[in-house]
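Undergrad: Sequence:
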Amino acid sequence: YLDRPDVLARFTVTIVAPRQGFPVLLANGNRIRQGQLEGDRHFATWEDPFPKPAYLFAMVAGDLERVSGDFTTHSGRRVDLHLYTEAENVDRCDHALASLQRSMAWDEKRFGREYDLDVYMIVAVNDFNMGAMENKGLNIFNSQYVLAKSATATDDDFQAIESVIAHEYFHNWTGNRITCRDWFQLSLKEGLTVFRDQEYSSDTLSRGVQRIKDVRMLRTVQFAEDSGPTAHPVQPDAYIEINNFYTTTIYNKGAEVVRMLHTLLGEETFRRGMDLYFERHDGQAVTVDDYVRVMEETSGREWAQFRLWYHQAGTPTVCAELNFAPSTGVSTLVLTQKTAPTPGQPEKKSLHIPVKVALFGEDGSLLPLALPGEDPGAAPRERVLELREARQEFHFSGPTGMSKRPVASLFRGFSAPVRLEMVRSDAELTFLWGHDNDPFNRWDAGQELLERWLFRWIKACQQGQSLVGDAPLRASFLATLQDTSLDPAMRALALTLPGEKYLLDRMPQADPDLVHAVRDFLRHDLAMVLGKELRQLYEQLSKEQLAMGCAVGFDPVVAGHRALKNLALSLLAASEHADVYQLCEQQYRGSVNMTDRMAALTTLVHAGAAQAETLLEDFLQQWREDFLVTNKWLTLQATAPLATTFDRVTALTRHPLFNANNPNRVRALIGAFSAGNPYCFHHPAGQGYPFLGEWILRLDRSNPQVASRLLTPFNRWRDFEPGRSARMLEVLQHIAGQANLSRDVCEIVGKILA
Numbered sequence: 019y020l021d022r023p024d025v026l027a028r029f030t031v032t033i034v035a036p037r038q039g040f041p042v043l044l045a046n047g048n049r050i051r052q053g054q055l056e057g058d059r060h061f062a063t064w065e066d067p068f069p070k071p072a073y074l075f076a077m078v079a080g081d082l083e084r085v086s087g088d089f090t091t092h093s094g095r096r097v098d099l100h101l102y103t104e105a106e107n108v109d110r111c112d113h114a115l116a117s118l119q120r121s122m123a124w125d126e127k128r129f130g131r132e133y134d135l136d137v138y139m140i141v142a143v144n145d146f147n148m149g150a151m152e153n154k155g156l157n158i159f160n161s162q163y164v165l166a167k168s169a170t171a172t173d174d175d176f177q178a179i180e181s182v183i184a185h186e187y188f189h190n191w192t193g194n195r196i197t198c199r200d201w202f203q204l205s206l207k208e209g210l211t212v213f214r215d216q217e218y219s220s221d222t223l224s225r226g227v228q229r230i231k232d233v234r235m236l237r238t239v240q241f242a243e244d245s246g247p248t249a250h251p252v253q254p255d256a257y258i259e260i261n262n263f264y265t266t267t268i269y270n271k272g273a274e275v276v277r278m279l280h281t282l283l284g285e286e287t288f289r290r291g292m293d294l295y296f297e298r299h300d301g302q303a304v305t306v307d308d309y310v311r312v313m314e315e316t317s318g319r320e321w322a323q324f325r326l327w328y329h330q331a332g333t334p335t336v337c338a339e340l341n342f343a344p345s346t347g348v349s350t351l352v353l354t355q356k357t358a359p360t361p362g363q364p365e366k367k368s369l370h371i372p373v374k375v376a377l378f379g380e381d382g383s384l385l386p387l388a389l390p391g392e393d394p395g396a397a398p399r400e401r402v403l404e405l406r407e408a409r410q411e412f413h414f415s416g417p418t419g420m421s422k423r424p425v426a427s428l429f430r431g432f433s434a435p436v437r438l439e440m441v442r443s444d445a446e447l448t449f450l451w452g453h454d455n456d457p458f459n460r461w462d463a464g465q466e467l468l469e470r471w472l473f474r475w476i477k478a479c480q481q482g483q484s485l486v487g488d489a490p491l492r493a494s495f496l497a498t499l500q501d502t503s504l505d506p507a508m509r510a511l512a513l514t515l516p517g518e519k520y521l522l523d524r525m526p527q528a529d530p531d532l533v534h535a536v537r538d539f540l541r542h543d544l545a546m547v548l549g550k551e552l553r554q555l556y557e558q559l560s561k562e563q564l565a566m567g568c569a570v571g572f573d574p575v576v577a578g579h580r581a582l583k584n585l586a587l588s589l590l591a592a593s594e595h596a597d598v599y600q601l602c603e604q605q606y607r608g609s610v611n612m613t614d615r616m617a618a619l620t621t622l623v624h625a626g627a628a629q630a631e632t633l634l635e636d637f638l639q640q641w642r643e644d645f646l647v648t649n650k651w652l653t654l655q656a657t658a659p660l661a662t663t664f665d666r667v668t669a670l671t672r673h674p675l676f677n678a679n680n681p682n683r684v685r686a687l688i689g690a691f692s693a694g695n696p697y698c699f700h701h702p703a704g705q706g707y708p709f710l711g712e713w714i715l716r717l718d719r720s721n722p723q724v725a726s727r728l729l730t731p732f733n734r735w736r737d738f739e740p741g742r743s744a745r746m747l748e749v750l751q752h753i754a755g756q757a758n759l760s761r762d763v764c765e766i767v768g769k770i771l772a
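Read in order, the letters of the sequence shown correspond to residues 19 to 772 in this note's numbering.
Possibly wrong hints are sitting among the right ones.
[To be verified] Taking lysine-lysine pairs in the PhoX-like style, the calculated list, with each CA pair at most 20 Å apart, reads:
#: 1; residue 1: K374; residue 2: K356
#: 2; residue 1: K356; residue 2: K367
#: 3; residue 1: K550; residue 2: K561
Derived by calculation from the structure, the hints in this document are not laboratory data.
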């Protein structure tokens, strides 16, 4: 049988096994027969009436408990929903089951897609390389994305479960009913399905908050991938090991490409295009070009230039300049685009880039965007411009009497995955941080202002100057802190400083020590100057949370309150005051939900507080038998920015709880240290590099997929100061020189060294 995605067949499967030890026998489709055989043996026969490739085949036999529910489709069909897990975890499946029901209802409403089998099954396992797999009607899930209750899972865990459950369910149509002709088309199913699960999360939670989280991840992980040695197009043209192409470029940048189509077409036309795609290609293995062609037919527009987003690697940089002529009241927006060379693609073409734009007047009002020949009175306040050339100008007629240059809000909602460069004053960024009505751009303006000051302090450190806090920056931070027009989840994001990894990727020569030092300085400055207001906010939100009567369980509103409350606590702890550490201990001991307990414990451990060791041991004794919770225990220690962290991580690799054969354990400890703690991993002593190299080689013998992913922190080895670069190069050359490397590791280390 040809194991290719374009070879589709209808499968009928009979499983025979001893009932003792294997009471549950599952496969794709609907169960059509089951029964007892001679002795202890029994059988089950499953039939999947829909053609599928072999990669979507699944079979499960084991001793599992079942949690059940049902869903009635819009045509009136009842679908049985079954979640299978170990007996001790049956009380942690309610959220996953409810998420599945919500996903099924949403897909019917938003995309007109009804589920097609009589049963939908999910099996949760602890040992799994991926997050989940969309096998037709029988999804195999990493237990991390199924099992949750408030005592053991954080709000982030609950939201991740909701997203991944939705993602795998949405694959039933975008991936299963319509699959890929070959693996070069991987983003056809993954990029489109990520877009769909992002839209689901936006519709069910908060659109602005969801967009910020999605873009923050894209900028931190995918932008780094796009500017490094492993950069590749959304639709790659070659690979050695396909496992290496389950990347943020394929998934998340692929989703952004679909989102740009949605932005350019509008919801109504995009939905008609999706309907035609489902109608025309149901039961087929198709290509990215088939998908774009459907959108061309639906819209009546050609997308030849737009297709470059699929074939051209790298993150475009768009430079913007807004000029204003007081004599005519015309604002001129000048946009230029350029994409830097990437491996194998030295020359880049101009892309088709949607630029969602608005202009603000000096009174904070949105101005009409009247292009030449349009009536300013009827012009929209927001519009999508289409940048298709290397340089374009757009002219807008302002209202009568306007005498000052407006403030531009560009790429609203992050309308394209680009880097924006624009000369803007601190005052303009402060205005947008406080007044932009686009949630993403409001957040982004604050991030740019914070980033600007962090790099000013880096420069001061490099010049041997002492660091001085900025009063206007503190005032802007306080204004956002106290802005009750923003929901708490949005405020928490707006007040979170840019991460160390993101800042390092923005430096021509990365210096982890300087980045860590200036972030610590800003946190300490805010804690000392705004300590009273932070304490008041923490106490107010704590009271409100209790009054809501929902300290236990997941609720998006309560989750937002907790996020802001715990951000305030974390900033307060930067003061290094003993009374704040006591407050953290009180929260840890008094909390009944994992979100608040982990926030308090992480704050204490990362601060190196005296209480940390006692509470770490308390946490371990309480949760030693819980696999998922002890992963958190490992990660919070691996990510602590302390001088003792490397020795601690080394010791934890010998801890009885650590199992190098379990991918979740490896990610929780070794992955968290190397990718999530750049300050310690890149310590000048260089201990982290050979440590990671040894683990990559060890894991390559048993799990090359996990081993190859652990190479990611070495991607930018050339961009550090010479000492660190030389030590990383030595480790990479040692790995590359080993005999019998897997294709997974060989391909990635070869690209990093090229």
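Undergrad: Which numbered hints turn out to be false for this structure?
TA: Hints that this structure does not satisfy do not exist here, as all of them hold.
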